[in-house]
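First to last, the protein sequences are chains Y and U. Residue 1 is where the first sequence starts when you use the working numbering, and the numbers rise one by one after that. Residue 1 is where the second sequence starts when you use the working numbering, and the numbers rise one by one after that.
Treat the hints as calculated values from the structure; they're not laboratory data. A portion of the hints provided could be inaccurate.
Take a look, some chain U residues computed to stay more than 12 Å from chain Y by CB distance [to be verified]:
| hint | residue |
| --- | --- |
| 1 | Val67 |
| 2 | Lys70 |
| 3 | Glu85 |
| 4 | Asp86 |
If you anchor each label on the Cβ, the simulated ranges turn out as follows [said to hold, decoys possible]:
| hint | chain 1 | residue 1 | chain 2 | residue 2 | range |
| --- | --- | --- | --- | --- | --- |
| 5 | Y | Asp413 | U | Asn48 | 34 to 44 Å |
| 6 | Y | Pro270 | U | Leu5 | 36 to 46 Å |
| 7 | Y | His244 | U | Thr53 | 29 to 39 Å |
| 8 | Y | Glu248 | U | Asp4 | 56 to 66 Å |
| 9 | U | Lys6 | Y | Arg320 | 20 to 30 Å |
To be clear about the criterion: a stretch of chain Y counts as covered by chain U if any three or more of its residues have a C-beta under 8 Å from a C-beta of chain U, and this derived list gives those stretches [said to hold, decoys possible]:
| hint | segment |
| --- | --- |
| 10 | 330-339 |
| 11 | 342-349 |
| 12 | 368-378 |
Only a predicted model underlies this, so the values are computations on that prediction, with no experimental measurement involved. All residues carry an ideal CB built from backbone N, CA and C; glycine is no exception.
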Amino acid sequence: MSDITKQSLTELVENIKNKKLSSTDVTKAFIDRSEKSEELNAYITNDFTSALDKAKKFDQKPNLNLKLPGIPMAVKDLFCTKDIKTTAGSKILNNFVPTYESTVTENIWNEGAILLGKLNCDEFAMGSSNETSFFGNVQSPIDKNLVPGGSSGGSASAVAGQLTPVTIGTDTGGSIRQPASFTGIVGLKPTYGSCSRYGIVAFASSLDQAGPMAQNVKDCALLHEVISSYDSKDSTSIDFKRNHYSKELTNNIKGKKIGIPKEYRVDGMPKEIEDLWQKGIQYVKDCGAETIDISLPNTSYALPTYYIVAPAEASSNLARYDGVKYGFRAKGENLIDMYEKTRSEGFGAEVQRRIMIGTYVLSSGYYDAYYLKAQKVRKLIKNDFDEAYKKVDAILTPSTPSSAFKIGEKTNDPVSMYLNDIFTVPVNLAGLPGISIPAGHDSKGYPLGLQIIGKAFDEQNILNIAYAMEEKINFKNKITDWWIK
Amino acid sequence: MSIDLKTIKHISKLARISVDEQRAEKLAGDLNSIFKFIEKLNELKTDNVEPLTSIAETTLKLRSDEVKSKNIREQIIKNSPQDNEDYFVVPKVIE
Chain Y
1 MSDITKQSLT ELVENIKNKK LSSTDVTKAF IDRSEKSEEL NAYITNDFTS
51 ALDKAKKFDQ KPNLNLKLPG IPMAVKDLFC TKDIKTTAGS KILNNFVPTY
101 ESTVTENIWN EGAILLGKLN CDEFAMGSSN ETSFFGNVQS PIDKNLVPGG
151 SSGGSASAVA GQLTPVTIGT DTGGSIRQPA SFTGIVGLKP TYGSCSRYGI
201 VAFASSLDQA GPMAQNVKDC ALLHEVISSY DSKDSTSIDF KRNHYSKELT
251 NNIKGKKIGI PKEYRVDGMP KEIEDLWQKG IQYVKDCGAE TIDISLPNTS
301 YALPTYYIVA PAEASSNLAR YDGVKYGFRA KGENLIDMYE KTRSEGFGAE
351 VQRRIMIGTY VLSSGYYDAY YLKAQKVRKL IKNDFDEAYK KVDAILTPST
401 PSSAFKIGEK TNDPVSMYLN DIFTVPVNLA GLPGISIPAG HDSKGYPLGL
451 QIIGKAFDEQ NILNIAYAME EKINFKNKIT DWWIK
Chain U
1 MSIDLKTIKH ISKLARISVD EQRAEKLAGD LNSIFKFIEK LNELKTDNVE
51 PLTSIAETTL KLRSDEVKSK NIREQIIKNS PQDNEDYFVV PKVIE
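One chain only, chain U, in its complex shape (with noise of 0.2 Å):
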């Protein structure tokens, strides 16, 4: 399997990171090599083998649905790069 120039775009898409020509070739180079190294999994058989989704034995804890954070906008809004005090600002998305 190779992974192409259009491959690439679509993943880009995807991820939403826009990628340029010359990058969008670099990249392709470096994930076909990783893929090649990774295609050693098929040399293996796992038909029926259960899949591991989480490595903590352990079931998940049940608590009192409290709220523990209570007047924290100011907090939440501090690190935005743009805000109007209430509000996370977006460039327009409705015209």
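For reference, chain Y alone in the conformation it holds in the complex (with noise of 0.2 Å):
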């Protein structure tokens, strides 16, 4: 079967348990294609040959009652993997071989999946672009020297490419949304504490979530089913009744209520996400929902808050990279010395920016003007929420206020860089769930994603909306395999 990785993991799945596939035939054809796009540059670590070897050992004694029976995945390398080097794309860690699991990739496992490797990204998973990986740019399947956004950006190249069935990445401020949009596929950013935490190395805490990418709502659903879960290593998971969302999919959202923000039609926006905007609204009416013009006055305060909250917590996270207990350390003339060129040599320009703006504000004389300012801001971006979803089930928006652009674009403009995340931002600083579908291409040719968000602990109803939509739109991504020789 020479089009294994085009199928969707929900037909993999569908094969491997009819006995139509093996384990070792999915996983022989993802590695193949891997193997051959090494151009995309979206692995910093391949496992391939233990993959092999594992498949071969499920298939002699395969349990397909599992959810993820023999399925090969890569992911994201911020998760820590038991023995498999994880670097979060720092040249810090460059030499780091976890002694645990993360909680949310042994789920995964514990499914019967197979890691294949893992996936280049934005360093310590801080940029719009994964241009600040110290093992490279990442190439996107939709066009050469375009970027596949960022920091998933290696996942989000990985499933367009057909490297992995699905993945899983983390969103800190729009890093599975954005890429997804990208790169026309699927990504959901979970309610904040659904997924734990554990052995996700960490960006800003009270952010950070780990979510699927897929490319379709289906998939997404399926993996989002096995992923979250409550985890007592996790002191901000949380305990509430998970779904079977994917067992529980429906595509009937007639009478919903979906809110459509006015303050997300942003000066600047260019007219063709306007439009898909409006074809959005279109969809949800067709299929049988109703749709209200809302306000979440405080949306544009958002970026600006995020840029005090994130760096903050970032700054804190990385202060355990000294040299002292793990990753890189560089020669010093006595201990301070020794610190400060470690952290100068081993962290990126982008990472270094951003724990010299986290220092900054929370040091004394600072703090209340920017730290707890930003705080202050963040209740009332997340009271403007609890306002909205008073009238409404959920919200509908544009996932990006534009398509991906070149590689080299935006480097030198932090500030234009950060604008990406625009519409993003404001849900993780609510801790709300969003997923962005791809929903129409520009003029050209490049994928739009269109992002629903919904309540917390709402993921089933917003999966929902994106599985109805999905239907409605209909869309197909081009992907040329212009990297492929």
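Got two chains here, separate frames each, mind docking them using the hints?
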């Protein structure tokens, strides 16, 4: 079967369960394609040899009751994987081999999946284009020299390029939804507290969430069902009754009230994005839902708030990289000199910039003016959503203010890079779930996404809306395999 | 407000990241443009707003105080750049 890698996760699971395909067939197909796809630079580390061994072992005694029976899967290199190098895209962790497994990946292997390798990402997930990775740019399967978005850029590239059937990324300010939108795939950022943060290299702990990235909504629902769990090892993990998201998935969204926030119509937004949004509104109406104009008045303050809160938390989290306990160490004349040189040589420019911002806003004399202020505005942003959800069940917005850009186009201007996340960041600040689905193409043929934002713990609802819209949109990703020789 | 080179040097000390003159100037430029963007928050009156300190509206769960990971010293020091099998090793700190 030459078209194995074109199959969705749901199809692959079915074919393995019906014994039409073996885990070895499927694993081999994805390894072959991954090996032919080096130019995408989607992988940092591959584990192909042991993946094939595991697949053969699975086929000898297949447990077909599992949710991901013998399914090969690559994951973002921000998840600690036992005995497999985990770098977070940084030089400072270039030689780090975890002695433990993240809860989210553990959940995936427990359902029968097999690790293919670790996927490229922006350094410590700080970036919107995968250009801050110590391991180099990732190419988008959509077009040569196009960014796949970030920080889960390797993940997006690998799913859109069919190097892995599905994957998981992490989303602190848009790092799942923005690359999903740029590469024409589906990406879900779950409610804060749904998926355990244990074993995920920390960036900004009050915002970080792991989530699924897939070719379609059903696959996304299935993977979310596997990774979402209560975990006592994460103090902010929330113990609530989780759905069988894929089983309960329905395209019946009749009577749902969907909010259209006027503040997401930002200055300078291309007409293509506005048109896409209007189409999205028509699609949900066609599905029998009702749209209601709403206001989220503090939306324009979300990004400035984020660029205080996230760097502040990052500067604290990244204090652990001191050249003593793990990771890279530079030579120094004394202990302090060793710390300073290690961090100066080990962290890339964007990470240093954010640590400096964070250190500054937390420093004596500036804490109230910046950090405390940001926490207060964060409250206002959350209140906006609480108020809106008294009237609506979900909110529909564009995922990003533009389509993907070229490699190098925005690297010299940090603020213009940050503006990429203008529609995704408010969702993280309020701890809500958000899903990006591919909804059309721009004039260059690049994918554009729409975002559905839900109430806390209401993933089922936004998955259902996405599922219903997906059917209407009937999006076809234009992948030409340009990178395969 | 503008962040000058002296402030950059001070922050880099606090952050334990050594920064040479050239990088300091680049950082000052970057940080000034980022803070100009951040200062939009001053438009908002927030005197009577409670700060949001945790998004997960939950109280921490209690658990019994049990040791769950035993004898993992080897695992803990396995990734250290320098050790003597029993301890992390750092440059000499006392004379």
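Hints, verified against the model:
1. The claim that Val67/U is not at the interface with chain Y holds, since no C-beta of that chain comes within 12 Å of its own (minimum 15 Å).
2. With a least CB separation of 14 Å from chain Y, Lys70/U remains clear of the 12 Å interface cut-off, as annotated.
3. Listed as outside the interface, Glu85/U is consistent with that label: its C-beta sits roughly 15 Å from the nearest C-beta of chain Y, beyond the 12 Å cut-off.
4. Against chain Y, the non-interface label of Asp86/U holds: every CB pair exceeds 12 Å, the least being about 14 Å.
5. At about 36 Å, the CB distance of Asp413/Y to Asn48/U agrees with the hint of 34 to 44 Å.
6. As the Cβ distance of Pro270/Y to Leu5/U is approximately 39 Å, the hint placing it in 36 to 46 Å holds.
7. For His244/Y and Thr53/U, the hinted distance range of 29 to 39 Å is satisfied, since their beta carbons lie about 34 Å from each other.
8. The given range of 56 to 66 Å is respected by Glu248/Y and Asp4/U, whose C-beta atoms sit roughly 58 Å from each other.
9. Roughly 28 Å separates the CB atoms of Lys6/U and Arg320/Y, a value that falls within the hinted 20 to 30 Å.
10. For the segment 330-339 of chain Y, the stated coverage by chain U is satisfied: 8 residues place a CB nearer than 8 Å to a CB of that chain, which reaches the threshold of 3.
11. Here the segment 342-349 of chain Y counts 3 residues with a CB under 8 Å from a CB of chain U, which clears the bar of 3, and the coverage holds.
12. Remark: the segment 368-378 of chain Y is confirmed as covered by chain U, as 8 of its residues place a Cβ nearer than 8 Å to a Cβ of that chain, reaching the required three.
In this structure, none of the earlier numbered hints is contradicted; all agree with it.
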